[in-house]
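Peer 1: As given, the protein sequences belong to chains A and B, one line each in that order. Numbers 1 to 424, taken from the numbering used here, label the letters of the first sequence in order. Numbers 425 to 889, taken from the numbering used here, label the letters of the second sequence in order.
Just so you know, the hints here were simulated from the structure itself, not pulled from any lab data. Every value quoted in this text rests on a predicted model; they were computed, and no experiment measured them. One thing to keep in mind: the hints can contain errors.
Claimed, not checked - DSBU-like mimics (lysine-lysine), calculated; alpha carbons at most 35 Å apart, straight line:
1) B:K649 to A:K374
2) B:K538 to A:K422
3) A:K148 to A:K231
4) A:K374 to B:K510
5) A:K37 to B:K651
6) B:K510 to A:K37
7) B:K649 to B:K676
8) B:K812 to B:K608
9) A:K374 to B:K787
10) B:K564 to A:K422
11) A:K422 to B:K547
12) A:K416 to B:K538
13) A:K422 to B:K533
14) A:K114 to B:K533
15) A:K37 to B:K507
16) B:K778 to A:K374
17) B:K852 to B:K789
18) A:K148 to B:K531
19) B:K531 to A:K416
20) A:K106 to B:K522
21) A:K106 to A:K261
22) A:K374 to B:K812
23) B:K812 to A:K140
24) B:K522 to A:K422
25) A:K422 to B:K622
26) A:K374 to B:K608
27) B:K522 to A:K148
28) A:K374 to B:K852
29) A:K114 to B:K510
30) A:K422 to B:K608
31) A:K37 to B:K522
32) B:K651 to A:K422
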Amino acid sequence: MSGPNGMLYGGDEIGALVFDPGHHSLRVGYAQEDTPKADIPAVIGVGPSTHIPDAEEKVPDGNITQSGNELRHYIDVTEIHVPRPGMEIQTYMKDGQVDNWDLFEKMLDYCYAKVIRSPSEHHPALFTEAVWTTRPAREKLAELLFEKYQAPAFFLVKNAVLAAFANGKSTALVVDAGASQTSAVPVIDGYAIVSAAVRSPLGGDHLAAQAKNMLNNMHIQMLPLYSIQSKEVIRERERARYTLKTLPAGLTQSWQQYMLKKQYEDFYHCVAQVSESSYDERTAASVPGVHYEFPGGYHQDFGPERFKLTECLFEQNLGAPHLVCSAAAACDADARPALWGAVVACGGLANLAGWLERVGRELAARAPSSHRLKTHAAPSPPERRFAAWLGGSILASIGSFQQMWISSQEYDEGGKGQLERKCP
Amino acid sequence: MADILDILDIEQPGTTEVTRDSILHGDKMKKKYVTAKAVRRPEGMHREVFALLYNDNKDLPPLLPTDTGKAYKQTKAKLGMRKARKWVWAPFTNPARKDNAVFYHWKRKSDETKEYPFAQFNKQVSIPSYSESEYNQYLKSEDWSQAETDHLMDLCQRFDLRFIVIHDRWDRAAFRDRSVEDLKERYYNICGILSKVKTNPWSNTVTMVNGEKRVYHYDAEHERKRKEQLRRLFDRTQEQIDEEQMLLAELKKIEARKRERERKTQDLQKLISRADSGNGLPTCQSAVQTEGISTPSAVSSSIARRHDRKLHKKKLASQQRPIRAVETVTVEWSGIKFPETRGAGVWLRSQRMKLPPGVGQRKTKAIEQELRLMNIDIAPTPSEAICKHFNELRSDLALALDLKNALTSCEFELQALRHQYEALNPGKTLTIPPSICNTSGDGDVKPLSEIIDVVGSPGALNNTI
Ligand SMILES: Nc1ncnc2c1ncn2[C@@H]1O[C@H](COP(=O)(O)OP(=O)(O)OP(=O)(O)O)[C@@H](O)[C@H]1O
Ligand SMILES: [Mg+2]
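Turn these sequences into a full structure, and let the hints guide you.
Peer 2: And the structure:
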């Protein structure tokens, strides 16, 4: 904090936790660290508690929380990815914000018990939120943290602001390509300009759906990985030869779909690439293909399809470049030069090969010529995906931030009404 | 222990006590080898060959090169010299908070509890306040209700006068939408009125000049117009820009043609008049050139200037044998040449204040430092006059910096030569005539332009404009 020569350094850690809930995953960890402690899928398996096959699972385990009405909640990859009869996959997120609070509570229980392993009343909690989070949802979260978890302090920050901080900017035009949506939010002096924020539903989930479509049209079958017992080595494009596992009966539709979506995601992570400029069959064909093997053993090279697949993310009026332009245009003219000079890209989908280059190119073509355009993005993929969490980690460990928290005393006196004032 | 030492032919050290030094520099401990009886080198044998056969203790020469440096022996860490100072997870209160909430952080146990150091960063802007009666007396407006005014002042406080953010968070459900300029106008209006009727001025809108209050006046109309122009400039599409460029080019062509035509008519008239008057004197009409309409570039070219000068400074020509080569120092410098407008058509005046890319990082930093010393804003509002003077000032500063550097290097050379002279002629001293000495402490420093002929200096030009 303060050095031997009386210098005051910026950091002062008070044991705060940072939570960054998203549609794809929840990031949670200690402030001042450079990566979250855990990155938990934002879904919960809800199944009947009657089926407990293995002896060791009977040991009371935080992963599997028992609730009164005979339901069990399965959280995190190791629990969710097990085929269990009757286990439905549910998500607590909707439209960028927490929607199902009972489920979200289960998730928080798990975080405190299994990830942090420390009582919640010891740690101030900083949450990120999407720009358009509604007031009831914000207040509900504050209520939950103070009343159920007895947090000593709580704070809410817009994730775009944090992503800007993580990239060392307080004024930036943040374009966040997540799972459920892509958004562009101007941030000025650490405040998100809510009225100028725009979003479109073209995110990672959309791309996964497109990948599924494409494979269907190519008559390539995506067998569920969990159903494969063994497979034979075959030549390229040859018919797959495999044996199937005997699976427990009564696997739910939602679980199967969730598992398949994971596979489509893996497929586009490995194969998809964004072409430098608008898709062109010939230039795409000149790039060497990428080989992919499907769970059943079938494998082949993917050539121009890899580029064609991602074109859906750059639709005229919904793609990231368009969002950036309209967000900038909605801002006050005096702020625009600074915003164009600091376009910050973050979110998991920004890791897609070529995505950043394409956005940069399209912006250069569209940005008014009087502005100097500069795009920033963290160099490493995890940093890009965790940008909002990282910003929260930085913010919550700055000495001068410690006066901003809503303390439990303040909450007791002022109630949740002060949230709008304290966390703008 | 003793057996091993015996086997290894090592004499037992006198003391077996383990000291810190013996741990750190154990290898340096004198290992006394029993010196073998010196074998004499047989006559005629080469020394190298003998050395291979017999060295001091009859060891074989090492097969691998061994590292005998002390790199691994020297430890930087002072082991066990000082006790580790303890850190504790201690509670603290932050005076910047109004609720006395207690948080915990790590601190040195020895550090006495003093005020939370980060509380000093808790800065707030001061926003004027008014009472109900004050509002009714002075601040009533038909356009603004009190509730709306209160809302504005509240937002100003919360967002520290960031009007763009205030505009964004404006309660559009309760009040009608207003532009950033409307909000600013109302706010500065209130500040102005209140600072007149109330005694305590607000630092950010009122400045005292010669004991007289000066209130910041916000020119909303001008701002609206400026913003509108800015918006239009930014919202131009590429087609519009291309069209504008094309039109400008066309305009130039038309003008050229027009001049050509005029010249021809004049020639024709001259001919006619000459024919009319027989062999009369030719009229000087043709000398009057029609002036073209001034285009932006024509206007700005009068501002652009260049001053590239060279200073050849002859050093004391050394008559003695040159021990130290005295070269002629050639200093080359110029001020900053600001380029003409960037891009075609309309541009922002602030563009003109951008330092050209040729100015290096170091020079830019140095100029900024000088500006700061002079208490001048690094990016002032670019009005026509400010823009001009600011560029000239920075150009002069760059020149001054270059000259200063040249002077120091000359000074250095001079002193070096003096030392050289005194070393070669012991007992003599070289008195440097004060005219070529740097008179830094002197009262009557001549202006720069008098010492060195600064041709076409911006200052000189400035006087003529
Ligand atoms: N290396 C990668 N290449 C391509 N896509 C990736 C990569 N890594 C992650 N993604 C995609 O990014 C998405 C997750 O991004 P992110 O974690 O930012 O979303 P989120 O914040 O949880 O969701 P949202 O912002 O929609 O609430 C997923 O769709 C995932 O498939
Ligand atoms: Mg996200």
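Peer 1: Give a verdict on every hint.
Peer 2: Hints, one by one, checked against the model:
1. Taken as a hint, the K649 (chain B) and K374 (chain A) pair is honoured in the structure, with Cα atoms around 28 Å apart against an allowance of 35 Å.
2. Only pairs whose Cα atoms come within 35 Å are accepted, and K538 (chain B) paired with K422 (chain A) is accepted, the gap being roughly 27 Å.
3. Of the pairs offered as hints, the one joining K148 (chain A) and K231 (chain A) is violated, with about 50 Å between alpha carbons and a cut-off of 35 Å exceeded.
4. Simply put, K374 (chain A) and K510 (chain B) have alpha-carbon atoms about 47 Å apart, too far for the 35 Å limit, and the pair is violated.
5. Between K37 (chain A) and K651 (chain B), the direct Cα distance comes to roughly 47 Å. Violation of the 35 Å bound is thereby established for this hinted pair.
6. Proposed proximity of K510 (chain B) and K37 (chain A) is supported: the alpha carbons are some 27 Å apart, at most 35 Å.
7. As the CA atoms of K649 (chain B) and K676 (chain B) are separated by approximately 29 Å, the hinted pair is consistent with the 35 Å bound.
8. Among the hinted pairs, K812 (chain B) with K608 (chain B) is consistent with the structure: their alpha-carbon atoms are about 29 Å apart, no more than 35 Å.
9. About 24 Å separates the Cα atoms of K374 (chain A) and K787 (chain B), which keeps this hinted pair within 35 Å; it holds.
10. This hinted pair checks out: K564 (chain B) and K422 (chain A) have alpha carbons roughly 30 Å apart, not beyond 35 Å.
11. Between K422 (chain A) and K547 (chain B), the direct Cα distance comes to roughly 16 Å. Compliance with the 35 Å bound is thereby established for this hinted pair.
12. For the suggested pair K416 (chain A) and K538 (chain B), the alpha carbons sit about 33 Å apart, so the restraint of at most 35 Å is met.
13. For the hint linking K422 (chain A) to K533 (chain B), the alpha-carbon distance of about 33 Å falls within 35 Å, and the restraint holds.
14. Of the supplied pair hints, the one linking K114 (chain A) and K533 (chain B) holds, its CA atoms being roughly 31 Å apart against a limit of 35 Å.
15. Distance restraint check for K37 (chain A) and K507 (chain B): the Cα-Cα separation of roughly 33 Å lies within the 35 Å cut-off, and the hinted pair is therefore satisfied.
16. Our distance criterion of 35 Å between C-alpha atoms is met by K778 (chain B) and K374 (chain A), whose separation comes to about 18 Å.
17. For the hint linking K852 (chain B) to K789 (chain B), the alpha-carbon distance of about 44 Å lies beyond 35 Å, and the restraint is violated.
18. A distance of roughly 30 Å separates the Cα atoms of K148 (chain A) and K531 (chain B); the hinted pair therefore holds under the 35 Å criterion.
19. Restraint check: the Cα-Cα separation between K531 (chain B) and K416 (chain A) comes to about 33 Å, which is no more than 35 Å; the hinted pair holds.
20. Between K106 (chain A) and K522 (chain B), the direct Cα distance comes to roughly 34 Å. Compliance with the 35 Å bound is thereby established for this hinted pair.
21. With a C-alpha separation of about 23 Å, the suggested pair K106 (chain A) and K261 (chain A) falls inside the 35 Å cut-off, and the hint holds.
22. At most 35 Å may separate the alpha-carbon atoms for a hinted pair to count; K374 (chain A) and K812 (chain B) meet this at roughly 29 Å.
23. A C-alpha spacing of about 58 Å is found between K812 (chain B) and K140 (chain A), which places the hinted pair above 35 Å, so the restraint is violated.
24. For the given pair, K522 (chain B) sits about 13 Å from K422 (chain A) by alpha-carbon distance, which is consistent with the 35 Å threshold.
25. For the hint linking K422 (chain A) to K622 (chain B), the alpha-carbon distance of about 31 Å falls within 35 Å, and the restraint holds.
26. The hinted pair formed by K374 (chain A) and K608 (chain B) meets the criterion: a straight-line CA distance of about 30 Å does not exceed 35 Å.
27. The hinted pair formed by K522 (chain B) and K148 (chain A) meets the criterion: a straight-line CA distance of about 25 Å does not exceed 35 Å.
28. The straight-line distance between the Cα atoms of K374 (chain A) and K852 (chain B) is roughly 65 Å, outside the 35 Å bound, and the hint therefore fails.
29. Annotation: proposed proximity of K114 (chain A) to K510 (chain B) holds, straight-line Cα distance about 30 Å (limit 35 Å).
30. A hinted pair counts as satisfied when its Cα atoms are at most 35 Å apart, and K422 (chain A) with K608 (chain B) qualifies at roughly 24 Å.
31. Between K37 (chain A) and K522 (chain B), the direct Cα distance comes to roughly 33 Å. Compliance with the 35 Å bound is thereby established for this hinted pair.
32. The straight-line distance between the Cα atoms of K651 (chain B) and K422 (chain A) is roughly 31 Å, inside the 35 Å bound, and the hint therefore holds.
When held up to the earlier numbered hints, the structure conflicts with 3, 4, 5, 17, 23, 28 and fits the remainder.
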